[in-house]
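Enquirer: Chain by chain, the residues:
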Amino acid sequence: MTHESLTHGPMTRGSMTPGLMTQRSLWIALLLVWSLGPMFWQLVSSFTTADALVNDQLSFWSRWTLNNYRDLLSTDPPFWRYLFNSSLVASLTTLLTLMLAIPAAYGMAKLPDRWKGSLRAAVVGAALFPYVLLFLALLELARTFALGNNLIAIAIPYSALSMPLALLLLTAAFEALPNDLEDAAKLEGLSLWQRLRWVLLPLIAPASASTAILVFLFAWNEYPVALTWLSRSDLLTLPVAMARIAGSSTYSVPYGTYAAATVLGAIPLLVLVLVFQRQIVSGLTNGAIKG
Amino acid sequence: MTMLLAAPALLLIAVVFGWPMLRYAWLSFHADSVLTGLEPVANGGANWLRLAADQRFWLDAGQTARFALISVSLELLLALAIALLLHQRWRGRGAVRALTLLPWALPTTMMALGWRWIFNTPYGPIEVLARSLGLNSLDLLSTPSITWLVTVFADVWKTTPFITLILLAGLQSIPDDLYSAFRLEGGTPLQALRRVTLPLLLPYILLSLLFRLAQAFGVFDLVQVLTGGGPAGSTESIALYAYLNGMRFLDFGYSATVMLAGFLLLTALILAGTLLLKSVGLLRPLDR
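The listed protein sequences correspond, in order, to chains A and B. Quick note: the first sequence uses the working numbering, first residue 1, plus one each step. Quick note: the second sequence uses the working numbering, first residue 1, plus one each step.
Just chain B, same shape as in the assembly:
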């Protein structure tokens, strides 16, 4: 009876999350593009062979992983510092916490164009500042070796508040007595951070790491609007490549293949990360 209450919601989840994966698995063994009149025609493993040899896909996969790993690492470090600051008690803390939450609440596409203006050459404020300091033009949005860092910056700006909140909840779960005891033993604040705070915060750190890595690996809104994947494809992500294959090149069979491959790569990345953390013993505190 109670199961019946849950059925509609679970069915909806199954349709919207489960069906696409089955559909992609099926589509990835079919040609379905303008060449076939947008009708699926079985083509054996041709899509997968094409993917294996597709340099653009592997380049994008590397770029996506680079983006996800670097943004999430920076977000964690920054969020830890901010959470420690917000965990202290001072007047106006509540208001500051609400205000720092704003970047997270804004639509990504909205700020993406904001960043395009701020990093614009030659009129953006960063460029104007650089010029007034006598520097050469930075060309932040048209230099392949730099532009991906701008996307990292924009992601860090937007999602650090999310991790900060998780870590703040973690900090609040640590009893004050532990710190008093540690101080009585003669520990310094820095030692307390290393030996009390960080170990107890670990579950929260790992959790936000897992969630954010998965989300950052699917980065789409940001690069689609901020850079369009450019310059020279240097910020193209797997999701954007899949989108272009489907919506611009109208090659649904290959688009499905790219998305399924992206999902498999993400799963592999998370499994590898879990094994790595396990092998260095970092996951031991989580076993109950």
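With the rest of the complex left out, here is chain A:
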């Protein structure tokens, strides 16, 4: 342990006795069990035979199977189809959101202060809004413009719903850049587009990455809009497909298969969170502080 670690934070001041350290390890273990325990249970269930799920008297060696995964991949449509749909929708949404939000954030950052204040208040209000209340009117729009059952079209409401957070994060990033930089680029004769593309964009890359991952997660997990916009079984996104399995038969949900679906559905997110942890953390905290 470094000297720094002993003096940091309100609880670690002074020297750390072995007793206190054991206590802390205990809390850390408890935290991990709390966070991962339910997912671990899904993992165990996904490898358990249907018989063993309802009969705890079976011997240890006769409890395990890979059939749940086999069933999952042989349904119609196969499970990977939902993973593909969700990836497609989430990628399109991320792309569309960034394409609209980056120039918009630049524009907002350049606004005179008296405009900026009220505009920002409106954007914060939209970011707070429990968007599930919008679903009926959005469904009407989908019907009017024939946008239902279309994985490309659903990226439009998704972009709109994630736009407030994206704007807040990116506007803050543009505001944090020194003005001299852009002035110098102007003197060099660079056009607005060139300045954005070659000077500013590289500098806000970290904020863009944070925004992108948060938007991607939102679109991947979104439920009420997908539930009302998509009904063809081969076009469902993962959250709707999962809910549909749940609703298929209230009393005899095939839990082994379902647990396997949870595991396969969680793997992409596991990878995303572990790889982009830093971006997620800075995105959420900057969104909170600067918004």
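Incorrect hints may appear among the rest.
Here chain A is said to cover these stretches of chain B; the calculated rule only asks that three of the stretch's residues, wherever they fall, bring their Cβ under 8 Å from a Cβ of chain A [said to hold, decoys possible]:
#, segment
1, 101-112
2, 159-172
3, 215-229
Now the in silico label distances, taken between C-beta atoms and shown as ranges [unchecked claim]:
#, chain 1, residue 1, chain 2, residue 2, range
4, A, ASN67, B, ARG195, 37 to 47 Å
5, A, ARG70, B, ALA268, 49 to 59 Å
6, B, LEU4, A, ARG70, 54 to 64 Å
7, B, ARG195, A, SER25, 53 to 63 Å
8, B, LEU149, A, ALA122, 34 to 44 Å
9, A, ASP56, B, LEU193, 43 to 53 Å
10, B, ARG248, A, PRO202, 19 to 29 Å
11, A, ARG244, B, LEU38, 23 to 33 Å
In short, the hints are calculated from the structure, not lab data. Backbone N, C-alpha and C fix where the C-beta goes; we use that ideal spot for every residue, glycine too.
Please arrange chain B on chain A, whose structure you already have, making use of the hints.
Expert: The following block gives chain B in isolation, referenced to the frame of chain A:
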């Protein structure tokens, strides 16, 4: 010119957030259901009169507020404890922080069915554990006085990591010197928590409170999949009731009324909360 760059994004926000509210305001003064052939027909204030006398709506409103207040309070307390733990420096802290973020990143509907399995009677692990301890069947998902607590539990599990991160950012913004100074004055760690940490953390606490209250008030995914609003409607939320009115009873006029009323109630709740906090002087540190 720069305003032009912002126009498409702002227009999109205006259409997707603003238009529905206008549309609901208009629809709430119309009958638009199977009875009218799914065509809007003006019906004066009939929807609003029906809402005022609709016991199910007011029951749901109470249940939604109860769910939001209790989950968010528990999340705050738990997140504060976890943030204090994660703020200390120890080996493996980064990995633990990433792993504890996972519940927040998973789709709600996915874990909702996971919970249905874990709290299942008689096969779920909780029930098996209770049985092995010689307890009676808990019936966690079919007892109206208990099931809403299961929804609270599931929400706390999922969204505590979000608040933890916000509070962690707050903790990192407090300079270490303050703690050394406080210790030199002879303050104990507990006093430091109360007199240094909490006051400086207040803006972060209030912010996550506001954001989470608004989101929890719109709870939909979780109850729709975990309980379907049951048993006996004991976990039905305003959003779920509005959804059922629109999609199951095909009564769009009333569904719009319920959603608009839900929005107005949430606004009132937040205003009342702000006034309450102001009256006890908690908001003073925020005035700059």
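Enquirer: Each of the hints needs a verdict: does it hold here or not?
Expert: How the hints compare with the structure:
1. With a cut-off of 8 Å between beta carbons, the segment 101-112 of chain B has 11 residues touching chain A; three or more are needed, and the interface restraint holds.
2. Here the segment 159-172 of chain B counts 7 residues with a CB under 8 Å from a CB of chain A, which clears the bar of 3, and the coverage holds.
3. Against chain A, the segment 215-229 of chain B contributes 8 residues with a C-beta closer than 8 Å to a partner C-beta. That satisfies the three-residue criterion, and the hint holds.
4. Checked against the hint of 37 to 47 Å, the pair A/ASN67 and B/ARG195 fails, with Cβ atoms roughly 60 Å apart.
5. Distance hint for A/ARG70 and B/ALA268: a CB-CB separation of about 53 Å, consistent with the stated range 49 to 59 Å.
6. A beta carbon spacing of about 56 Å between B/LEU4 and A/ARG70 agrees with the range 54 to 64 Å that was offered as a hint.
7. Against the hinted window of 53 to 63 Å, the Cβ-Cβ separation of B/ARG195 and A/SER25 comes to about 28 Å, which falls outside the hint.
8. Distance hint for B/LEU149 and A/ALA122: a CB-CB separation of about 37 Å, consistent with the stated range 34 to 44 Å.
9. Distance hint for A/ASP56 and B/LEU193: a CB-CB separation of about 45 Å, consistent with the stated range 43 to 53 Å.
10. Distance hint check for B/ARG248 and A/PRO202: the Cβ-Cβ separation is about 51 Å, which falls outside the suggested range of 19 to 29 Å.
11. Our hint of 23 to 33 Å for A/ARG244 and B/LEU38 holds, since their Cβ atoms are close to 25 Å apart.
Violated hints, listed in ascending order, are 4, 7, 10; each of the other numbered hints is respected by the structure.
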